[in-house]
Every structure is written in C-alpha cells, then in structure tokens.
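Visitor: Listed below, chain by chain, are the residues.
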Amino acid sequence: MNRRTSSLLTSSAAYLYLVICCAVLLLPFIVTLVRSVSVAQPDGTVVFSLAPYGEIYQHFWPKVNTSLQIALFTIVIDTVIGIPASYALTRYEFRGKKSLFALLNGVWYVPGVCYAMALVLAYYFVYKFFLGFWGFVAAYSCGFLFLMLLTCMVAFRHFDPRYEEAALCLGAGRLRTFLHVTLPLIGPGVTAGILLTFVLSFNEFITALLLTGPTRLKTAPLAVYSDIRMFGVRETVAAEATVLQLISLIVVVLYLKFIGTRYLRGVILI
Amino acid sequence: MTRVRAVNITKRYEAVAAVNSINLEAEDGTFVTLLGPSGCGKSTTLKVIAGLIYPDEGEIYFDDRNVTELPPDKRNIGFVFQRIALFPHMNVQKNIAFGLRMKHRPKEEIERKIKEVLYIVHLEGFEKRMPSQLSGGQAQRIEIARVLATDPDILLFDEPLSNIDAKLRDELKYEIRRIQRETGKTMIYVTHDQAEAFAISDKIYVMNNGSIEQIGTPVELYVNPVTPFVASFIGSNNFLKGRILDLNPSTKVARVSSDGMDIEAPYSNGLRVNDQVLVCIRPEDISVIGEGERSKYNNVVQGKIGESVFTGLLTRLNVNVEGTLLKIDVQGSERFSYLNVKGKEVLLGFNRCSLITGATEIPA
Chain Y
1 MNRRTSSLLT SSAAYLYLVI CCAVLLLPFI VTLVRSVSVA QPDGTVVFSL
51 APYGEIYQHF WPKVNTSLQI ALFTIVIDTV IGIPASYALT RYEFRGKKSL
101 FALLNGVWYV PGVCYAMALV LAYYFVYKFF LGFWGFVAAY SCGFLFLMLL
151 TCMVAFRHFD PRYEEAALCL GAGRLRTFLH VTLPLIGPGV TAGILLTFVL
201 SFNEFITALL LTGPTRLKTA PLAVYSDIRM FGVRETVAAE ATVLQLISLI
251 VVVLYLKFIG TRYLRGVILI
Chain X
1 MTRVRAVNIT KRYEAVAAVN SINLEAEDGT FVTLLGPSGC GKSTTLKVIA
51 GLIYPDEGEI YFDDRNVTEL PPDKRNIGFV FQRIALFPHM NVQKNIAFGL
101 RMKHRPKEEI ERKIKEVLYI VHLEGFEKRM PSQLSGGQAQ RIEIARVLAT
151 DPDILLFDEP LSNIDAKLRD ELKYEIRRIQ RETGKTMIYV THDQAEAFAI
201 SDKIYVMNNG SIEQIGTPVE LYVNPVTPFV ASFIGSNNFL KGRILDLNPS
251 TKVARVSSDG MDIEAPYSNG LRVNDQVLVC IRPEDISVIG EGERSKYNNV
301 VQGKIGESVF TGLLTRLNVN VEGTLLKIDV QGSERFSYLN VKGKEVLLGF
351 NRCSLITGAT EIPA
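Taken in sequence, the protein lines are chains Y and X. Under this note's numbering, residue 270 is the last one in the first sequence; the count climbs by one each step, no gaps. Under this note's numbering, residue 364 is the last one in the second sequence; the count climbs by one each step, no gaps.
Misleading hints may appear alongside valid ones.
Not everything, but these chain X residues come out facing chain Y in the computed CB check (under 7 Å) [claimed, not checked]:
{"hint": "1", "residue": "P72"}
{"hint": "2", "residue": "D73"}
{"hint": "3", "residue": "F79"}
{"hint": "4", "residue": "F81"}
{"hint": "5", "residue": "A85"}
{"hint": "6", "residue": "F87"}
{"hint": "7", "residue": "G99"}
{"hint": "8", "residue": "M102"}
Just a sample of chain Y residues kept apart from chain X, beta carbon distances all over 10 Å, derived [claimed, not checked]:
{"hint": "9", "residue": "D43"}
{"hint": "10", "residue": "V64"}
{"hint": "11", "residue": "Q69"}
{"hint": "12", "residue": "S99"}
{"hint": "13", "residue": "M117"}
{"hint": "14", "residue": "V120"}
{"hint": "15", "residue": "G132"}
{"hint": "16", "residue": "Y163"}
{"hint": "17", "residue": "H180"}
{"hint": "18", "residue": "L185"}
{"hint": "19", "residue": "R234"}
{"hint": "20", "residue": "S248"}
None of these hints come from the bench; they were simulated from the model. What you are looking at is a predicted structure, and each value in this text was computed from that prediction instead of being measured. Every residue, glycine too, gets a C-beta built ideally from N, C-alpha and C.
All chains, full assembly: derive it from the sequences and hints.
Guide: See the structure below:
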C-alpha cells in the first residue's frame, strides 16, 4: 500500500467517524421531525402532512410565548446583575475570592432536581407572594446567573485594563469609559452568556416541573411533557418537540454566524 | 505649559514600597525622563502623576494646583502606554476623536484637530484605518496623535517604544523629541533604555528600588555618577576599590591607592585622606598607549591582554593589571589591530575617572 492510498484511507476513516458522530447527535432530532410530519390516515396508510403544526398552533403557541418571555426577562435580569458582578470579581481582590469561584463552578454539579426542590420549598413556605410568571423568572435568574458570571468573567479576563486607563486619561469618566470602551470590547462575552441563558432557561424542564404546582404556570417544555403523558407520542406532540428544538437551533446558529464563538470556549474558571 | 511636581510620593504594595518617598520636578516645557531597571518603580511613579494610581503618601502639583485627589479624567493629561492602547473597535479617526468627544467639542473642531495631529505625526490619510491594520510604529504614532488631540497640559510616556523594533525605535524617539520641541509641552518619559533617555531628555531621574539615585543631565550622569548603581547602570564601568592617599585642594585632584596602583582622580569637597572610595573608569576612557605617550596621561598602568571581543563598533579588551581585570574599549581604526592579541603586554593610559564615596562594594 503506497502513501497516497493510506492517506486516502485515513481521511475516509476520519470522515466516517465524523458522520457517525453527527448521526448519533442528530438522530433523535431527525426521528422527531419525521414523526411530526407522518400522519396516519383512517385506512392505515401514513402520509406526509404539515397538519400537526396547524393543530398545535392554538394551544401550544401561548406556552412557547410564555417560555420566550420568561427567557427574555431572565436574560435581562442576569445581564444587569452579571456584568457589574463579574467585573468586580475579575478586577478586585478580596478574601474568599477563590472559594467563591469554586462555589460558582460547583453550581454545574448540583443536580437540577435538588435545586428545584430547594426552590419549591422556598416558594411554598417563604415567597408565597412570588408565585406565577415572576416566580419562574426569579428562579431562572438565580439558577442561571452563574452562567452569565462565568462568560462575562472570561471576557473581562481577556480585556486588558489599559484600554480603560487610556479612556480615563483621555478625559472620559468611569461611566462613559464603561459604555464607550469596556462594554463594546467585552460584548462577545456578554452575548455568549445571553445565548447560554436563553437556551437553558427556554428549555428548562426539571425546575419547571416542580414549580408548576406552586406557580400554576405551564411552560412550553412542560406542555410537551404533559401532552406525551396524555396522548402518547403522537404526531402533534412530535411537532411541539420539533418547534422547541428548532427555536433553540435557529438562535444558536444565528449567534454563531453573526457573533462568533470566541468567548464560548473556556467557560471554566481557576 | 505646566510645571509638574511630585512631593514625597510613596506607594506600597502590601508591605513593599514600590515607590519610596520620591520627589520629582519637571519644569515648564521640559523633557524629563525616569530611567531605571524594570521593577524600580518608575512606571508606578508615572501612573501616580497621571492619577491612575493613588499614592499612599505625598502630593502631586500641576503648577501650584494640588491635583492629588483628582481622577485622571480631570487632570488634562496625555498618557502613552507601553502596549498600544488604541481602542480596537474604533478606527483611527474615532480613536483620535474620542478624547475630544468626551470634552464635548464641536464637530468642526474635532475634524480640524484630527487633521492637525495626523499631520504632526506624519500619518495623514490614515483616518479610516482600524488599529489592527497599523504597524507597531504607526499605531504608536497614532496613539501619540490621539493624546495630542486633546491638547493636554502634560504628556506622560510609559516605555512607549519598548515593543517596537530597534530601527523604528530609533526614529520614533527623535520624533517624540521633535514633537516636544514643536509643541513646547512638558513631557515625562519612562524608560529602561539608557541610550533612549540620553538621546531625548533635558533631565534624567535615575531610579532604583523605588528611590531616586541621581538627578542630572545626560552628561552629568555620565561623567559624574554619584552612586555605584548609576555608575554601573549607565554605560559600563571598571570599578576599583581604593583609599585616598592625599588630596590637592588647589587642583581638586585626589591620589588614590588601589590594588597597588596609584590613580589620580578629580574630586569634589567632602573627601578626607584615608576615606574608602570606588574608582570608576569607563572602558572608552582608557587607551592603549606607546612608551612615548606616557606624559600625556595622568594615569599609566601596565597590563597583559586576556580575551578580546570584536563587536563591530569597537573591540573590547580584558586586560589584567596587577591581578585586576580592566575592560577597555578600542574604537576607531585601531580596533582592528587588537583581534588576536592574547597575552600581549600593553601600557594603558587614562585621564578621566570618577570617585564614588560612601560605597565600598563593587556593584554586580
């Protein structure tokens, strides 16, 4: 076997590996998609039809709307809290900083159900006035704040303070320095945080499942879940699942296309 | 046009004083340089003057105004950083306009100023370039232009040329000096490069370990270093431990005994017979002489050549004189005659040397 054939074989093997990986990752999505457009006729034949998407419009879209709104408010709150907090965490030294970082990283490893359990207890016994829509927003803002902190901190670490010093020396006060220089330069880090917060809070399920009792609110993922339990894996349920996946997919693709991935890598501290 | 005074500035980081009770003065329209090795506190001093670092003790005055409590944006200064600090998300034009916009200047004035400062730094037509499209030298010149545009009272430079390649560095340092002469602004410049400091400064503060070692013009520092550090940091020097044998108050010449050599050196008042001193002789001040030239030199010693190194501009000889190694730089066409001379006996003559008192240890 000469070198050309062997290199051809190597690259084909690598390509095949890639295809298998993609297939494994995409298969569930493809299956759901196919199921959502396969409608069984009364005579037993299965035909392609977009009718399930029409059918879910009435009762599913309001849920999607709720989820989108929750995600939006979560993003706003986490951005407003996260940017100044991560700035302070990156720039200033204080006792216990290392422990705080460890704690922030530790949030990754807290099982969602434990977090949700804690929230449910808190909502039932403490924040009774806080039920409904804002209860969800508050829960998600707390739960996903660390994501915003981590991405913003990575951005601030890449951000050289000399730009701020230069702006100060050019006569810009602290606020204008932040608005004109710091914010534009850490922008990609902030948007990475926004993206992660969106994807996670829009699709969050475990906390929502436990919170739906006290808050009496049903988000889109919950609607899919309860429809599966009620109707089984029907084409309308598959259509709902497909819609949810598509929304996340479109947001991520748009983000990667227009803003880039620079700040998504290495979102781990220490 | 502003006079800058720093009075008793101290800045500590934890227990270590980065800057220790420093006094500094830059007269109206002069070019003052802080020269010292890295970590000596010169950048910290500059940032204290800029207001970027708040001192633990001491005060900063611009003319007679105490500005110690003012933040940098209220001091009307220009600061040029060691690493290019042009805002990467703005083009040249917007970078230069930034300071003017912060001062709410009218649009016409901003446009006129941009043209003016680009002309000063010889980069007309670069308005639309992004910082990433500029070479290191261009970026540093734009940075100077950006600083000039705001018409600061004082310009501060924190090793602005240390990241630029040697040839351009040479060009830019004269350009900074030219801009200083043309604008008549007070400038304070920080560098670790002695040649750079000498080429552009009116007055140099030599710093070491957070303190000022000596203040003077380049010539004063070169001819009369007063501490071992200055003598070894500026240029190179031969150091000999010695003891004063006698002093001649009328000619101001001291006779010093050092390792069996008798050396005549000029001195200033305050020396007494038997004082311990360090004799500093610059390698370029020592000549290899012939027997007949003895009378031309105050000091003549005999030695044996050890290693010799040809560096292009000069040949450096290491000559063993009574057990002491002296460095000697041979310049001019003579330098080619000392390429293979190991073991040769030579006569050395020198007139100029200086004495450092109060120190007996030879600096490393």
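Visitor: Next step is simple, just say for each hint if it's right about the structure.
Guide: Do the hints match the structure? See the list:
no. : hint : in the structure
1   : P72  : holds (4 Å)
2   : D73  : holds (5 Å)
3   : F79  : holds (4 Å)
4   : F81  : holds (5 Å)
5   : A85  : holds (4 Å)
6   : F87  : holds (6 Å)
7   : G99  : holds (4 Å)
8   : M102 : holds (4 Å)
9   : D43  : holds (64 Å)
10  : V64  : holds (36 Å)
11  : Q69  : holds (32 Å)
12  : S99  : holds (21 Å)
13  : M117 : holds (45 Å)
14  : V120 : holds (45 Å)
15  : G132 : holds (41 Å)
16  : Y163 : violated (6 Å)
17  : H180 : violated (7 Å)
18  : L185 : violated (6 Å)
19  : R234 : holds (51 Å)
20  : S248 : holds (29 Å)
Hints 16, 17 and 18 from the earlier list are contradicted by this structure; the remaining hints agree with it.
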